[in-house]
Amino acid sequence: AQSVSQHNHHVILSEAASLELGCNYSYGGTVNLFWYVQYPGQHLQLLLKYFSGDPLVKGIKGFEAEFIKSKFSFNLRKPSVQWSDTAEYFCAVKVPSNNAGNMLTFGGGTRLMVKP
Amino acid sequence: DAGITQSPRHKVTETGTPVTLRCHQTENHRYMYWYRQDPGHGLRLIHYSYGVKDTDKGEVSDGYSVSRSKTEDFLLTLESATSSQTSVYFCAISESYTQYFGPGTRLTVL
Chain H
1 AQSVSQHNHH VILSEAASLE LGCNYSYGGT VNLFWYVQYP GQHLQLLLKY
51 FSGDPLVKGI KGFEAEFIKS KFSFNLRKPS VQWSDTAEYF CAVKVPSNNA
101 GNMLTFGGGT RLMVKP
Chain A
1001 DAGITQSPRH KVTETGTPVT LRCHQTENHR YMYWYRQDPG HGLRLIHYSY
1051 GVKDTDKGEV SDGYSVSRSK TEDFLLTLES ATSSQTSVYF CAISESYTQY
1101 FGPGTRLTVL
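Those sequence lines, one after another, are chains H and A. What the first sequence shows, in the numbering used here, is residues 1 to 116, in sequence order. What the second sequence shows, in the numbering used here, is residues 1001 to 1110, in sequence order.
One should not assume that every hint holds.
To be verified - Stretches of chain A that chain H covers, calculated by requiring three or more beta carbons in the stretch to come under 8 Å of a beta carbon on chain H:
(1) 1009–1021
(2) 1025–1032
(3) 1099–1109
What the hints assert, rightly or not - Far from chain A, by Cβ distances over 10 Å, these chain H residues were calculated:
(4) Q6
(5) E15
(6) E64
(7) S84
(8) A87
(9) V114
Keep in mind that the hints were calculated from the coordinates and are not lab data. Remember, predicted model here, so these are calculated numbers, not experimental data. Where a beta carbon is used, it is the ideal one built from N, C-alpha and C, also for glycine.
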């Protein structure tokens, strides 16, 4: 079974700093990749997703992620964070070839705190 | 927000009691999912459904059962709640191969 690793469990940044959150997965074949964000007390919201094509994906709120197949990575980036980006971020992977249920495997999450 | 509601939003119960959580969707999606969210574990799939009366187990299905008698409703039942089932439970639907989540139910088992 595939696994997803988010190595940074907690990240603290000041406003305007650049952000990069790591995500690595274990499956060697075709994958679909997702980043979700969960603001305090709220449900998960989709930030961006990659299915195929340009490996640099742009999402909402100025976030982007780059799929690097050779590194099994899908890191999330934002050039300049805001206090409102304080949230928990989840990477998720879907293996479409053996997945009739469209199931996702999630990483453990990264808590981001942005100091004003 | 993909038209997903969950009820109740908060529940406190005692060990050994049965608990049923409800997920309701308004957009006729075929696939529905139940996850639990625990610190450090992200979200883990409990059960999912691919149609009325069609369900299958996920990664952490022990102690849980599900039912789907109508397209719009997906019920999660804890037959005899245990303290290890204290968690936040999220329902999700799949649309265009992407999952969208409901607001969650915070369950505390004392």
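Hints and how they fare:
1. 1009–1021: violated (count 0)
2. 1025–1032: Answer violated; 1 residues pass the 8 Å Cβ test.
3. 1099–1109: holds (count 6)
4. Q6: Violated, because the least Cβ-Cβ distance between Q6 of chain H and chain A comes to about 8 Å, which does not exceed 10 Å.
5. E15: Nearest chain A Cβ is 26 Å from E15 of chain H, so the label holds.
6. E64: Its Cβ never comes within 10 Å of chain A, the nearest being 17 Å, so this holds.
7. S84: 19 Å, holds
8. A87: Fine: 14 Å to the nearest Cβ keeps A87 of chain H off the interface.
9. V114: Non-interface label stands for V114 of chain H: nearest chain A Cβ at 20 Å, farther than 10 Å.
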